[in-house]
Amino acid sequence: MHKSRPVSLATRGLRKDFERPAVDGLDLTIYGGEFYCLLGPNGAGKTTTLRMVAGLLGPDAGTIAIEGIDALARPEDAKQVTAWLSDEPMVYDKLTPYEYLEFVAGLWRIDAATAQARARDLIGWLGLEDQAHTRCEGFSKGMRQKVALAGALVHDPKLIILDEPLTGLDAGAARLVKNVLRERVARGGTVIMTTHILEVAERMADRIGVIANGRLIAEGTLDELRIKAGAAVASLEDAFLALVASEAAAA
Amino acid sequence: MSEPATMAWLASHELRLGWRDLTSLVTAGGRRRRNAIIAIVVFVVAMHAFANWVVKNYATIDIGADPVTLITISSTLLLSWALLLSQAMESVTRIFYTRSDLDLILTSPVSARKVFAVRMARIAAAAAMMALLLASPFINTLAWHGGPRWLAGYGVVAAMAATATAFALALTIALFRLIGARRTRLIAQIVAAVIGAGFVIGLQILAIFSGGTLSRVTALHSPWLVARLPDADSVVWWPARAALGDITALVAVLVTALLVIAGAIALFSARFGEHALAAAGVSAAAVRQRRTSLRLRPRTPSSALRRKEWLLLWRDPWLVSQTLMQILYLLPPAVLLYVTFRHGTNAYVVLIPVMVMAAGQLAGGLAWLSISGEDAPDLIATAPVTPARVLTAKIEAVLGAVALVFAPLTAVLAFESVYAALVLALGIAAATAAATFIQICFRAQARRSHFRRRHTSSRIATFAEAFSSVSWAATAAVAAGPSWLAVIPMAVALAILLGIWLVRPRTA
Ligand SMILES: Nc1ncnc2c1ncn2[C@@H]1O[C@H](COP(=O)(O)OP(=O)(O)OP(=O)(O)O)[C@@H](O)[C@H]1O
Ligand SMILES: [Mg+2]
Numbered sequence: 016m017h018k019s020r021p022v023s024l025a026t027r028g029l030r031k032d033f034e035r036p037a038v039d040g041l042d043l044t045i046y047g048g049e050f051y052c053l054l055g056p057n058g059a060g061k062t063t064t065l066r067m068v069a070g071l072l073g074p075d076a077g078t079i080a081i082e083g084i085d086a087l088a089r090p091e092d093a094k095q096v097t098a099w100l101s102d103e104p105m106v107y108d109k110l111t112p113y114e115y116l117e118f119v120a121g122l123w124r125i126d127a128a129t130a131q132a133r134a135r136d137l138i139g140w141l142g143l144e145d146q147a148h149t150r151c152e153g154f155s156k157g158m159r160q161k162v163a164l165a166g167a168l169v170h171d172p173k174l175i176i177l178d179e180p181l182t183g184l185d186a187g188a189a190r191l192v193k194n195v196l197r198e199r200v201a202r203g204g205t206v207i208m209t210t211h212i213l214e215v216a217e218r219m220a221d222r223i224g225v226i227a228n229g230r231l232i233a234e235g236t237l238d239e240l241r242i243k244a245g246a247a248v249a250s251l252e253d254a255f256l257a258l259v260a261s262e263a264a265a266a
Numbered sequence: 033m034s035e036p037a038t039m040a041w042l043a044s045h046e047l048r049l050g051w052r053d054l055t056s057l058v059t060a061g062g063r064r065r066r067n068a069i070i071a072i073v074v075f076v077v078a079m080h081a082f083a084n085w086v087v088k089n090y091a092t093i094d095i096g097a098d099p100v101t102l103i104t105i106s107s108t109l110l111l112s113w114a115l116l117l118s119q120a121m122e123s124v125t126r127i128f129y130t131r132s133d134l135d136l137i138l139t140s141p142v143s144a145r146k147v148f149a150v151r152m153a154r155i156a157a158a159a160a161m162m163a164l165l166l167a168s169p170f171i172n173t174l175a176w177h178g179g180p181r182w183l184a185g186y187g188v189v190a191a192m193a194a195t196a197t198a199f200a201l202a203l204t205i206a207l208f209r210l211i212g213a214r215r216t217r218l219i220a221q222i223v224a225a226v227i228g229a230g231f232v233i234g235l236q237i238l239a240i241f242s243g244g245t246l247s248r249v250t251a252l253h254s255p256w257l258v259a260r261l262p263d264a265d266s267v268v269w270w271p272a273r274a275a276l277g278d279i280t281a282l283v284a285v286l287v288t289a290l291l292v293i294a295g296a297i298a299l300f301s302a303r304f305g306e307h308a309l310a311a312a313g314v315s316a317a318a319v320r321q322r323r324t325s326l327r328l329r330p331r332t333p334s335s336a337l338r339r340k341e342w343l344l345l346w347r348d349p350w351l352v353s354q355t356l357m358q359i360l361y362l363l364p365p366a367v368l369l370y371v372t373f374r375h376g377t378n379a380y381v382v383l384i385p386v387m388v389m390a391a392g393q394l395a396g397g398l399a400w401l402s403i404s405g406e407d408a409p410d411l412i413a414t415a416p417v418t419p420a421r422v423l424t425a426k427i428e429a430v431l432g433a434v435a436l437v438f439a440p441l442t443a444v445l446a447f448e449s450v451y452a453a454l455v456l457a458l459g460i461a462a463a464t465a466a467a468t469f470i471q472i473c474f475r476a477q478a479r480r481s482h483f484r485r486r487h488t489s490s491r492i493a494t495f496a497e498a499f500s501s502v503s504w505a506a507t508a509a510v511a512a513g514p515s516w517l518a519v520i521p522m523a524v525a526l527a528i529l530l531g532i533w534l535v536r537p538r539t540a
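Protein sequence lines, in the order shown, are assigned to chains A and B. Taking the working numbering, the leading residue of the first sequence gets 16, the next gets one more, and so forth. Taking the working numbering, the leading residue of the second sequence gets 33, the next gets one more, and so forth.
I should point out that these hints are in silico values taken from the structure, not numbers from a laboratory. One or more of the hints may lead you astray.
Stated by the list, open to error - Anything over 10 Å on all C-beta distances counts as not near chain A; from chain B, calculated:
| id | residue |
| --- | --- |
| 1 | R329 |
| 2 | D410 |
| 3 | E448 |
Unchecked claim - Computed from the model, here is a short list of chain B residues facing chain A with C-beta under 10 Å:
| id | residue |
| --- | --- |
| 4 | V142 |
| 5 | A144 |
| 6 | P333 |
| 7 | S334 |
| 8 | S335 |
| 9 | W346 |
| 10 | R347 |
| 11 | D407 |
| 12 | P409 |
Keep in mind the model is a prediction, meaning the values are calculated, not measured. We put the CB at the ideal spot given by N, CA and C, even for glycine.
So here's chain A without its partners, still in its complex pose (with noise of 0.2 Å):
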């Protein structure tokens, strides 16, 4: 079924060595419209292949597509419709969370009104209408990650790659960004995230894909996973935890 659908992202042979392989010759396909989790244990390599689709790695061989545009060659009209967001946020202390988007919406060159009327909503959407014309510097780690949100959702990104975007957020902010994630997707956009809280993809993502060893061992809805991992095994975390060391046995 999702076949028909345009294809978001494809990597192609994927590969970056450090002193080992981290990403091994990756294979991915993710779908416009389609909410993606990446899992995997410790040091399997997810944050290095999505690091390379954002274009802040150059990988060793393979090859991206984001959105039909091959991003190693046209790496600007890649990024121009992709958003990237750490489990680190990123924002100048010294500027407000409305000029952080004003130099966001720059960057991308969004004309003035389109950012502004985005602006209005993300800012009013992430309860940060308070601290809109405070500088940064005393945020908190989840607000920092909201205006680093904003930031991202600002430019309207077709594929939106996020990196444990859910670390060290409380219930609440949890809830917010999952939320506005969804919402994403059901007005077309992509997601791929990575994050190491299972119940999260169980409940949101569309399809789930497993590295280890910088390789996919296993990709598919929720189900299919389960069948692919062992008749006994019923939650994702199972499923999961069966799958790596299966893995693992074989490497």
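Chain A is already provided as a structure; the job is to place chain B with the ligands on it using the hints.
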């Protein structure tokens, strides 16, 4: 290793940290290690040659000197002491506000008082180390020409470092009590810088206007002052006498210094813990910007980047003050040169090299801030803007800021002489471009708050920056002459840039 949690154990911990800090440059290994050793040897030799040139003639000064000589020595000591004091104040405030291991220490069951006592002693020891290293070429030269009695200078320098540290502790604690933890940081750093620069500037300017000669000591020899000096055997002269090799005076000075630093540590170590806790509890003040309209202005990526750089610079009084402080140190030579050549044909010409030098230094700092000190590198790297465009916008921001500072001065000069203003403008442009170029070659990813540590991250860049600024200043000075010989320093300046280009770190 000694029993844990005793003073000796803590001291050995501090000693190890201090030692690693000190040797990190030499133990880097490989080519860096070799280069570091070569640089150190060259530096030591150069310092001795320089010291020989400066102090050779003073080696014959006798122990039983008269008050007029003693006041000269004393004021030199006082001057150096001021610099030591400003260094020590920086170290002391750093202890308060560097959170790295303070959390661990304050939550451990070791008495905070002990920890701070040891740490204060470390500051004093580090200050003494540094002072001894810097003074050693001078003392060695004096001893070489004037006999071993001059070696007493080492004792005097150590005593000066100890008392300077004690004063820095007292001053910082006093600031804490008076203005609280939040503002102490900024104020203490500024006070430190002003003490450092102020003494130099004050004394030089005094000398200049009292005699109109280059000699710094003229004011100290004025009849008015000589008539009021204490007798030759007064206690006031003991440090100076100790420096000349008077053993009794040396012992007295050392004992006094030891008592002062021990007293300060005993007195303040208990307070220090409290204040460190207070500093930890400092909240970043919520600064609301005046602007409350929800109107976004349309911007291109380049203008957004430039504006961001300017806003960040403007809103960081701490960084701005640090940068401007560098320029402050250039004031005395400016005044000196100005007054010296005031009666020459084209007096303003001597201001040109100083301003070019200042522009180079300012540009170096700003370029580091905007090119290396990017706090959201991921955002910039994932934005649909080419890296070249980002770099261009950042360079424009630096050039714009430098232009803003120096344009008025250049304009004023243009009323005197259009040619001189032109040379100045070109010199500033060249020095700024060169400093920016050096920072681009050595760019790294760092947090802005590490601004003060940038010099340790690349010594080559720091030296190159200084030499490049000097060369461009010389070029401008000669060109303002006017003389075609300016091409010589210009060639040197360009050679420095070429050298930098060749040795730049090549990381993908
Ligand atoms: N800059 C780097 N230099 C050297 N090795 C690196 C670098 N970045 C990642 N690695 C290595 O690449 C491998 C994959 O790291 P990566 O950060 O992608 O894992 P991850 O799946 O995101 O793990 P985690 O769940 O802990 O975030 C690890 O073995 C890591 O040590
Ligand atoms: Mg990771």
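Original post:
Does the structure break any of the earlier hints, and which numbers would those be?
Top reply: 1, 2, 4 and 5
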